[in-house]
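J.: The chain contents come next:
Number of protein chains: 2
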Amino acid sequence: MNDISDITTGIRGPVETYKRDQIVDAAKEHFSLYGYAKTTVSDLAKAIGFSKGYIYKFFESKQAIGEAICASCLGAILAAVEESLADGTSATDKFRRFFKTIVDNSAELFFADRKLYDIAAVSSDEKWSSSVSYLARVEEILTAILLEGRQSGEFERKTPLDETCRSIMQVMQPFMQPTMLQFNLDVLPDGQTAVSNLVLRSLAP
Amino acid sequence: MNDISDITTGIRGPVETYKRDQIVDAAKEHFSLYGYAKTTVSDLAKAIGFSKGYIYKFFESKQAIGEAICASCLGAILAAVEESLADGTSATDKFRRFFKTIVDNSAELFFADRKLYDIAAVSSDEKWSSSVSYLARVEEILTAILLEGRQSGEFERKTPLDETCRSIMQVMQPFMQPTMLQFNLDVLPDGQTAVSNLVLRSLAP
Numbered sequence: 001m002n003d004i005s006d007i008t009t010g011i012r013g014p015v016e017t018y019k020r021d022q023i024v025d026a027a028k029e030h031f032s033l034y035g036y037a038k039t040t041v042s043d044l045a046k047a048i049g050f051s052k053g054y055i056y057k058f059f060e061s062k063q064a065i066g067e068a069i070c071a072s073c074l075g076a077i078l079a080a081v082e083e084s085l086a087d088g089t090s091a092t093d094k095f096r097r098f099f100k101t102i103v104d105n106s107a108e109l110f111f112a113d114r115k116l117y118d119i120a121a122v123s124s125d126e127k128w129s130s131s132v133s134y135l136a137r138v139e140e141i142l143t144a145i146l147l148e149g150r151q152s153g154e155f156e157r158k159t160p161l162d163e164t165c166r167s168i169m170q171v172m173q174p175f176m177q178p179t180m181l182q183f184n185l186d187v188l189p190d191g192q193t194a195v196s197n198l199v200l201r202s203l204a205p
Numbered sequence: 001m002n003d004i005s006d007i008t009t010g011i012r013g014p015v016e017t018y019k020r021d022q023i024v025d026a027a028k029e030h031f032s033l034y035g036y037a038k039t040t041v042s043d044l045a046k047a048i049g050f051s052k053g054y055i056y057k058f059f060e061s062k063q064a065i066g067e068a069i070c071a072s073c074l075g076a077i078l079a080a081v082e083e084s085l086a087d088g089t090s091a092t093d094k095f096r097r098f099f100k101t102i103v104d105n106s107a108e109l110f111f112a113d114r115k116l117y118d119i120a121a122v123s124s125d126e127k128w129s130s131s132v133s134y135l136a137r138v139e140e141i142l143t144a145i146l147l148e149g150r151q152s153g154e155f156e157r158k159t160p161l162d163e164t165c166r167s168i169m170q171v172m173q174p175f176m177q178p179t180m181l182q183f184n185l186d187v188l189p190d191g192q193t194a195v196s197n198l199v200l201r202s203l204a205p
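Protein sequence lines correspond, in order, to chains H and F.
Residue 185 in the UniProt record's numbering sits at position 185 of the first sequence, and the numbers go up by one each step.
Residue 172 in the UniProt record's numbering sits at position 172 of the second sequence, and the numbers go up by one each step.
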């Protein structure tokens with residue numbers, strides 16, 4: 001279900017994706033070494049050995065390249081979530097897996113490779129389409145878990161589903177949004193587990 | 001109970017506080033117009049009509065002045081909380097008042113006067129003593145509300161008190177921490193109310 005890489009805006013040129021992927025991979029490596037904010041398309045072209053014109057055949061701007069990198073990172077997080085959910089034994093277990101997989105993978109992707117944090121933060125703060133689609137997909141998965149738990153009797157049904165969903169997205173935010181997550185790295189994993197437990201207590205029938 | 005203004009570090013000089021307060025008031029006005037980060041003690045001295053030496057008689061650094069301003073702002077938030085709690089009719093009502101008063105006052109203080117956000121953010125991100133004491137006091141007030149609710153039977157008692165407290169502090173964080181709050185201004189007041197309701201559902205016996 002790694003479908004957000006298809007919705008990235010600002011991509012153009014031939015449909016064969018091989019060369020586009022080559023540029024994205026090279027750009028990802030370059031940005032992860034030198035940072036996104038400080039690099040221009042000219043710097044990037046020089047460093048990765050493509051002409052600037054060639055890059056512009058595939059991407060209309062630096063942001064379009066950044067979006068493609070983001071979409072690939074966020075897609076990897078979603079794939080990890082789907083994989084983990086497949087082994088879930090109940091809605092409660094699935095909620096724990098869902099939240100923990102997102103946080104573990106976000107922390108690893110954005111901070112193990114600190115320079116990619118740069119792109120993730122800009123993407124999130126400026127609401128790029130890759131971030132917006134990612135959050136929409138996260139909310140869809142959460143809604144499915146909540147519905148399953150309501151049907152099985154694990155979760156309460158009095159609160160309107162959209163309110164429950166919105167409030168959970170809100171309390172997950174400091175562990176998902178890169179600019180906020182950086183302040184919470186030192187409370188991982190306990191802080192995240194504590195919030196997971198709080199949410200599950202709030203869902204009790 | 002506005003006692004955090006007494007713990008500010010880096011303050012020195014005579015005990016009479018009148019002149020120190022004068023400097024703090026003038027500095028607050030100056031910072032709110034020109035920003036904290038960009039102003040030096042020399043700029044400040046020139047602008048508010050005291051000599052640099054005179055300012056250093058009372059404060060050992062720019063940060064010490066910033067801390068005093070922060071302590072005064074955060075003290076005002078705590079005073080508003082205490083005032084609102086005095087009218088609380090139950091632990092549930094007190095929790096709602098507690099959380100809402102903090103968020104409303106933080107949003108007003110830091111963002112109505114956007115330039116003061118500057119100091120508040122640095123104070124929080126760098127864990128100045130004014131911020132640390134403020135959070136400790138907020139946690140004390142929360143603990144008292146939780147205890148009251150556990151005693152009256154409004155709140156569940158199975159979860160260890162410190163875990164309940166820590167997880168609630170964690171979900172309140174994006175509405176209290178200035179660097180995070182700036183991303184949530186557009187979901188106020190509904191997002192805060194939704195989280196308040198989620199917390200109260202999690203506290204149900």
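Hints are supplied without guarantee of correctness; some may be wrong.
Treat identical chains as interchangeable: a pair holds within one or across any two.
Below, computed lysine-lysine pairings styled on DSS-like, alpha-carbon distance capped at 30 Å [to be verified]:
| # | residue 1 | residue 2 |
| --- | --- | --- |
| 1 | K62 | K158 |
| 2 | K46 | K62 |
| 3 | K19 | K158 |
| 4 | K115 | K52 |
| 5 | K46 | K100 |
| 6 | K19 | K100 |
| 7 | K52 | K158 |
| 8 | K57 | K127 |
| 9 | K38 | K115 |
Just so you know, these hints were derived from the structure itself, not from any lab.
J.: Hint by hint, note whether the structure agrees.
T.: Results for each hint:
no., hint, verdict
1, K62 / K158, "neither (47 Å within a copy, 53 Å between copies)"
2, K46 / K62, "within (14 Å within a copy, 44 Å between copies)"
3, K19 / K158, "neither (52 Å within a copy, 58 Å between copies)"
4, K115 / K52, "within (23 Å within a copy, 41 Å between copies)"
5, K46 / K100, "neither (40 Å within a copy, 53 Å between copies)"
6, K19 / K100, "neither (35 Å within a copy, 53 Å between copies)"
7, K52 / K158, "neither (57 Å within a copy, 63 Å between copies)"
8, K57 / K127, "within (25 Å within a copy, 48 Å between copies)"
9, K38 / K115, "both (11 Å within a copy, 27 Å between copies)"
Hint compliance for this structure: hints 1, 3, 5, 6, 7 are broken, all remaining hints hold.
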